[in-house]
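All residue numbers for the sequence shown refer to our numbering, where the first residue is 13 and numbers rise by one.
Since the hints were derived computationally from the structure, they do not count as laboratory data.
All of these numbers come straight from a predicted model, not from anything done at the bench.
Some clues are possibly wrong.
Pairs of lysine-lysine residues, derived as DSSO-like cross-links and limited to a Cα-Cα distance of at most 30 angstroms, are as follows [claimed, not checked]:
id	residue 1	residue 2
1	369	326
2	124	114
3	236	405
4	420	430
5	129	405
6	113	124
7	428	405
8	420	405
9	229	428
10	430	129
11	420	386
12	123	386
13	123	435
14	386	370
15	123	113
16	129	114
17	113	129
18	420	123
19	124	370
20	326	114
21	435	405
22	124	369
23	420	435
24	326	430
25	370	114
26	435	113
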Amino acid sequence: MSFLVSKHMANHRRRLCSATLATTFPIATATAAAPFSSGFGITTPLPPHLSSKRTKITTPTHRPWHCPPQQKQQQQQQPQRNFSNKSNTSSPSPPPTALPKKVTSLSLHSKKRRGHKITMVTAYDFPSAVHVARAGMDLILVGDSLAMVELGHDTTQPVTLDQMLHHCQAVKRGVQQLQNSSSSSNNANSSSGSIPMLIGDMPFGTYEYRDTDIALKHAYRFIKETGMDAVKLEGGSVARARTVQHLVEGGIAVMGHVGLTPQAISVLGGFRAQGRTASRARQLLDDALRLQDAGAFCIVLECVPSNVADLITKSLEVPTIGIGASNRTTGQVLVYHDMLGMLSHPHHEQFVPRFCKKYASVGHAIQEGLQEFKMDVEGGRFPGDSEEFSPYKMTSGEQHILDELLSKDNEERQQKHKQAAVKIAAADEYEQLSLYGGSGGGNGNRGSGGDDEGMSVNKDNDDGSNDKKS
13 MSFLVSKHMA
23 NHRRRLCSAT
33 LATTFPIATA
43 TAAAPFSSGF
53 GITTPLPPHL
63 SSKRTKITTP
73 THRPWHCPPQ
83 QKQQQQQQPQ
93 RNFSNKSNTS
103 SPSPPPTALP
113 KKVTSLSLHS
123 KKRRGHKITM
133 VTAYDFPSAV
143 HVARAGMDLI
153 LVGDSLAMVE
163 LGHDTTQPVT
173 LDQMLHHCQA
183 VKRGVQQLQN
193 SSSSSNNANS
203 SSGSIPMLIG
213 DMPFGTYEYR
223 DTDIALKHAY
233 RFIKETGMDA
243 VKLEGGSVAR
253 ARTVQHLVEG
263 GIAVMGHVGL
273 TPQAISVLGG
283 FRAQGRTASR
293 ARQLLDDALR
303 LQDAGAFCIV
313 LECVPSNVAD
323 LITKSLEVPT
333 IGIGASNRTT
343 GQVLVYHDML
353 GMLSHPHHEQ
363 FVPRFCKKYA
373 SVGHAIQEGL
383 QEFKMDVEGG
393 RFPGDSEEFS
403 PYKMTSGEQH
413 ILDELLSKDN
423 EERQQKHKQA
433 AVKIAAADEY
443 EQLSLYGGSG
453 GGNGNRGSGG
463 DDEGMSVNKD
473 NDDGSNDKKS
């Protein structure tokens, strides 16, 4: 009997669940209202509140076959399983930094219109180009002044086209290295995030011809062989403007240069300031306007009074770069060696212009470093026994093999060593005698005879003359 009661209660629960399903999912109510058979021959009618065919049962707040709200909330709080290989905790990658932009003639014109200053440095080699580009300068000029600063000449005239191309290539590689490192790291190393525009100075004797095609041919070499972005010419005469126009029409950007033009030092009579008279100032203005009309994108003003520089700058639409021309120009230029005080020998001291401001004293630091190196070597302090400056070692096994190899011809090597020592000592004694003039080290010519012959000649010439045997 107890079995039938429990079975009856179980059937009753099933009927309640079926009624709930019927109201949740509308189906034929006749089927839902039919009596329920337990399968054991006992038919049980539905309760009165479920016997109506149209009975509406309020849908519960949750479906009975779903988990309770508390358990569902706990499941929502649990983190979802991640089947990917990447970790969800990884920090988002930083936004890419904009690559440095190349300075062009158009960007220089924009700077002038907005009232921004332009910076230019004259550099001649790879290391200086790297430093200048990293500092974020707008322009790098490979000037023909390298004849004086790098090659030791008294003027800029002796430098050749091939020498200029050689130095332009070195500067280009310095800027290119910085550009490549910025691209690979996706980070601009220069302070302003820009790649400087490169200007090659056409040397004396490469563009002054009546045949402007000669100048165009040489200018093409600057662009094609060195990677320069433009060339610079000195002077603003009618003939020079014609050359500038021909170069511009040939697809080459040209920077002009008026005022003190060092290549014309023979005509000017030396390195002299220009434009200090009214007529000469007006001539400089006409030269600058003529270069602008010919297509020059920028003009250098060198060693002119401030009022003349102001007049020319305001009269031009293109930028002006001053050197010894006050602050009335659009920009400024100085030579790398001059501005950093690389005055390591009297030649630089003699030619550093008065208008140059020294921003460092690199030359003195260089001199001190060289002298300290000399003293360390002579005193045996460098490299010393420290592994810091002697990092290379041989294994004990290789050292043993080397000792065995040396023992095979030890006597022969010692004999050759003694012979070489005697020969060198004899030559050193001969040089110190100074038989044919000179002092100390003896750079004099050696006679065809031996030491005795030389000594006899010295004895015969008591008056100190340096007679030589024929």
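Open item on the list: Hinted pair, alpha-carbon criterion (30 angstroms max): residue 430, residue 129. Please report holds or violated.
Closed with: violated, 71 angstroms
Open item on the list: For residue 123 and residue 386, compute the direct alpha-carbon distance and say whether it is at most 30 angstroms.
Closed with: violated, 49 angstroms
- [ ] Decide if the proposed pair is consistent with the structure: residue 123 and residue 113, CA atoms, cutoff 30 angstroms inclusive.
- [x] holds, 14 angstroms
Task: residue 420 paired with residue 123 [C-alpha distance capped at 30 angstroms] - done: violated, 77 angstroms
Open item on the list: With the threshold set at 30 angstroms, check whether the alpha-carbon distance from residue 123 to residue 435 stays at or below it.
Closed with: violated, 71 angstroms
Task: residue 326 paired with residue 114 [C-alpha distance capped at 30 angstroms] - done: Given that 30 angstroms is the threshold and the Cα spacing comes to 26 angstroms, the pair holds.
Task: Straight-line alpha-carbon gap residue 236 to residue 405, limit 30 angstroms - done: violated, 48 angstroms
Open item on the list: Can you confirm whether the C-alpha distance between residue 326 and residue 430 stays at or below 30 angstroms?
Closed with: With Cα atoms ~80 angstroms apart, residue 326 and residue 430 exceed 30 angstroms; violated.
Task: Restraint status (C-alpha distance of residue 369 to residue 326 at most 30 angstroms) - done: holds, 25 angstroms
Open item on the list: So if I understand the rule, the pair passes when the alpha-carbon distance is 30 angstroms or less; does residue 124 with residue 114 pass?
Closed with: holds, 17 angstroms
TODO: Starting from residue 386, check that the Cα of residue 370 is at most 30 angstroms away, please.
DONE: holds, 28 angstroms
Open item on the list: Hint check: residue 435 vs residue 113, CA-CA at most 30 angstroms. Holds or violated?
Closed with: Violated, at roughly 65 angstroms.
Figure legend: structure checked against the earlier numbered hints; hints not met, in rising order: 3, 5, 9, 10, 11, 12, 13, 18, 21, 24, 26.
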